[in-house]
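Engineer: Each chain, letter by letter, is given below.
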Amino acid sequence: MSPGRWLRRLLPPLLPTAILPASLLAGMLSLAAAGAAFGYQASVDSNETAFDVCDGSSNDTPAKMLAAAVAAYKAMGYSTAGFTGSDFTRARTLNRTDDDWGFYVHSHGDYYWNADAGRRYTGFREDSGDCDQKVVFSNEIRDARAGRQSNLIFISTCHAADSDSTMPGAFAISKAKYDSAASAGPEFYVGYVGVQWDSDEWDFERRFWNALTDGSGTGAAFDRAMAGSFDHSYFDADWWGAYRWSGKAGPLTVSCPNCA
Amino acid sequence: MHRFMRLSFRRFVAITLAGLAVLLVSASASNAESPLVADERATRQLTLPSTASALALDRAAAVRRALGLPVGVATVRRVDDTIDHATYDEIITTNSTGQQTSVVQLNPDGRLHAAIALGLHRSMATVDDAEASMRAAAIARAADVTAAGKPTVAHSAGAGGWLLTWPRIVAGAAVRGDGTRVALWSDGTFHSITERTAGLAPAPSTPAGPAAAAEAADAFVSARFGPEAPSLDVNGSTLAWVVPNDLWNAPPPESGDRTARLAWVVEYRAHGSLAERVVAIELWLDAGSLAVIGGDVAE
Numbered sequence: 040m041s042p043g044r045w046l047r048r049l050l051p052p053l054l055p056t057a058i059l060p061a062s063l064l065a066g067m068l069s070l071a072a073a074g075a076a077f078g079y080q081a082s083v084d085s086n087e088t089a090f091d092v093c094d095g096s097s098n099d100t101p102a103k104m105l106a107a108a109v110a111a112y113k114a115m116g117y118s119t120a121g122f123t124g125s126d127f128t129r130a131r132t133l134n135r136t137d138d139d140w141g142f143y144v145h146s147h148g149d150y151y152w153n154a155d156a157g158r159r160y161t162g163f164r165e166d167s168g169d170c171d172q173k174v175v176f177s178n179e180i181r182d183a184r185a186g187r188q189s190n191l192i193f194i195s196t197c198h199a200a201d202s203d204s205t206m207p208g209a210f211a212i213s214k215a216k217y218d219s220a221a222s223a224g225p226e227f228y229v230g231y232v233g234v235q236w237d238s239d240e241w242d243f244e245r246r247f248w249n250a251l252t253d254g255s256g257t258g259a260a261f262d263r264a265m266a267g268s269f270d271h272s273y274f275d276a277d278w279w280g281a282y283r284w285s286g287k288a289g290p291l292t293v294s295c296p297n298c299a
Numbered sequence: 314m315h316r317f318m319r320l321s322f323r324r325f326v327a328i329t330l331a332g333l334a335v336l337l338v339s340a341s342a343s344n345a346e347s348p349l350v351a352d353e354r355a356t357r358q359l360t361l362p363s364t365a366s367a368l369a370l371d372r373a374a375a376v377r378r379a380l381g382l383p384v385g386v387a388t389v390r391r392v393d394d395t396i397d398h399a400t401y402d403e404i405i406t407t408n409s410t411g412q413q414t415s416v417v418q419l420n421p422d423g424r425l426h427a428a429i430a431l432g433l434h435r436s437m438a439t440v441d442d443a444e445a446s447m448r449a450a451a452i453a454r455a456a457d458v459t460a461a462g463k464p465t466v467a468h469s470a471g472a473g474g475w476l477l478t479w480p481r482i483v484a485g486a487a488v489r490g491d492g493t494r495v496a497l498w499s500d501g502t503f504h505s506i507t508e509r510t511a512g513l514a515p516a517p518s519t520p521a522g523p524a525a526a527a528e529a530a531d532a533f534v535s536a537r538f539g540p541e542a543p544s545l546d547v548n549g550s551t552l553a554w555v556v557p558n559d560l561w562n563a564p565p566p567e568s569g570d571r572t573a574r575l576a577w578v579v580e581y582r583a584h585g586s587l588a589e590r591v592v593a594i595e596l597w598l599d600a601g602s603l604a605v606i607g608g609d610v611a612e
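Top line first, the protein sequences correspond to chains E and U.
One point on numbering: in our numbering, the residue at position 240 of the first sequence is 279, and numbering is uninterrupted.
One point on numbering: in our numbering, the residue at position 218 of the second sequence is 531, and numbering is uninterrupted.
Hints were generated in silico from the structure; no laboratory data involved.
It cannot be assumed that every hint is accurate.
Said to hold, decoys possible - These stretches of chain E come out as covered by chain U in the derived footprint (C-beta under 8 Å, 3 or more residues): (1) 96-102; (2) 196-207; (3) 228-237; (4) 244-258; (5) 263-269.
What the hints assert, rightly or not - Quick list of the computed label-pair ranges, beta carbon to beta carbon: (6) Gly-423/U <-> Ala-130/E: 51 to 59 Å; (7) Ser-409/U <-> Ala-185/E: 40 to 48 Å; (8) Asp-546/U <-> Ala-185/E: 41 to 49 Å; (9) Glu-567/U <-> Asn-134/E: 38 to 46 Å; (10) Ser-125/E <-> Leu-513/U: 38 to 46 Å; (11) Ser-202/E <-> Gly-462/U: 26 to 34 Å; (12) Thr-465/U <-> Gly-157/E: 34 to 42 Å; (13) Gly-411/U <-> Asn-134/E: 39 to 47 Å.
Every residue gets a Cβ at the ideal spot worked out from N, C-alpha and C, and that includes glycine.
Excised from the complex, chain E in its bound form (with noise of 0.2 Å):
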């Protein structure tokens, strides 16, 4: 994917459809956060009902994870909302994924059986608030966004970033490493490999939102997060985008030695 590629598609339909409404907004509201960019917009799900309420188990980690994502992607500039309980619901999430630049979930994931398309696809269960949790399928994220392009997209969930993953296709990023955002453009998709352990994509969550929102970018705040000490000694994630690219929401217009 090519830069001029990115920029073509990206700049076209943000004027009209974000920044104009979302800066008026913004300006009647007295909303704006320092370094927003309005109209890059990020959604954050994270389902904690199926890992409190349904399992017993009196975790509070998924709701610390949706916390730091909407921090994180604040923080990297992108209008940032965040979803759990009955507010974060599969038709929700297909609803908004159209508009999204980043995009966030931690849920139960796997490479479901989808009985409509006659095949497996990666996908992640919605909260929904109860403990009758739908999947939301890869394909059907693909088909909604038409293959726009996305800038962040971290997926929280097991098997996100397995080999055989379809979710990064369905955020048109394809499962390619590339030294810099001037070759793959502002893009950076980070999933995990098999089944993990909460206190371990916690821990590394942690590091990477820290080293990213602290300028190291994509890559090196995945090498720090990996670099970390894990509870679990196969602790395995995977990222496929832009190694040097700072993270931050929109088209690539800012250029430094870690970022481009």
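Keeping the supplied structure of chain E fixed, place chain U upon it in accordance with the hints.
Structural biologist: Same frame as chain E, but now just chain U:
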């Protein structure tokens, strides 16, 4: 046709209203925002005395030479890391174009905390697990880090090749998260090394046996999961040193207390309908009292 041109006026209005909703939700969310990234970062910078700065830069240069990391312009800062509960001096090296090429983290006493080679490494060559073990052991020796015996070897996508770990063993049990961990690219080239050593509580004088631990764990699972308890099968149990947490409503450790305690770690795998929501759980039972002191969940 250009995407914008396809938008109807109704959709434009809808997007505008949606934008308003997002702004309102964002504003609301910001009030409950985690201080993790904003005000209470996982790391914060401390004042580094100039004498310590010079020593850290010298020691880091020696580490870079030992690990074959590139030379460049080095900067140093002292960091308080709330995840690792450690203070270290972090030396970042940049090349002539300003790109960061390595990170070296040193404990204040000069011991290595971590070293990372930054940047994408492309190589079609691969080494096997025996060669990877040999190279990782050599790297650990060069970095003056403990790596005795045979490591655990695993393929790792995140490492870009191999991950080799030497767990820290105390009283016959592994200390979770502790030990030496070396990541290699697939061709055996150095990627990163870390060493951790947590504080340990005294081991109980008479640890409970595995049968008693299994019985206590089963009783907890039955009480906690009720009719869904049969959907959880024991997948193994082992003695390990763990840092207690408040999962399963265990009494939370005192703030900042990262002392590891000897525990029976009992893992259950879920099946049936429960497996739709959780893959596995761990119960951590104090090795002496068999009280639940925490655990973990795989989703």
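Engineer: Could you see if the CB distance from Ser-409/U to Ala-185/E stays within 40 to 48 Å?
Structural biologist: holds, 43 Å
Engineer: Establish whether the coverage given for the segment 196-207 of chain E by chain U is satisfied; the threshold is a Cβ-Cβ distance below 8 Å, and no fewer than three residues must meet it.
Structural biologist: holds (count 4)
Engineer: Does the Cβ-Cβ separation between Gly-423/U and Ala-130/E fall within 51 to 59 Å?
Structural biologist: Since the Cβ atoms of Gly-423/U and Ala-130/E sit about 57 Å apart, the hinted range of 51 to 59 Å holds.
Engineer: Could one say that the CB atoms of Ser-202/E and Gly-462/U fall in the range 26 to 34 Å?
Structural biologist: holds, 31 Å
Engineer: With a C-beta cutoff of 8 Å, work out whether three or more residues of the segment 244-258 of chain E approach chain U closely enough for the coverage to hold.
Structural biologist: holds (count 9)
Engineer: Between Glu-567/U and Asn-134/E, does the beta-carbon spacing fit 38 to 46 Å?
Structural biologist: With Cβ atoms ~44 Å apart, the hint holds.
Engineer: That 39 to 47 Å hint for Gly-411/U and Asn-134/E (C-beta), does it hold up?
Structural biologist: holds, 42 Å
Engineer: Do three or more residues from the segment 96-102 of chain E put their C-beta atoms closer than 8 Å to C-beta atoms of chain U?
Structural biologist: holds (count 5)
Engineer: Just to be sure I understand the hint, the distance between the Cβ atoms of Asp-546/U and Ala-185/E should be within 41 to 49 Å; is that true here?
Structural biologist: holds, 43 Å
Engineer: How about the segment 228-237 of chain E: do at least three of its residues have a C-beta closer than 8 Å to a C-beta of chain U?
Structural biologist: It holds: at least three residues are needed, and the segment 228-237 of chain E offers 5 whose Cβ sits within less than 8 Å of chain U.
Engineer: Can the segment 263-269 of chain E be counted as covered by chain U under the rule of three residues or more with Cβ-Cβ separation shorter than 8 Å?
Structural biologist: holds (count 6)
Engineer: Is 34 to 42 Å a correct range for the gap between the Cβ atoms of Thr-465/U and Gly-157/E?
Structural biologist: Given about 40 Å between the Cβ atoms, the range holds.
Every hint from the earlier list agrees with this structure, and none is contradicted.
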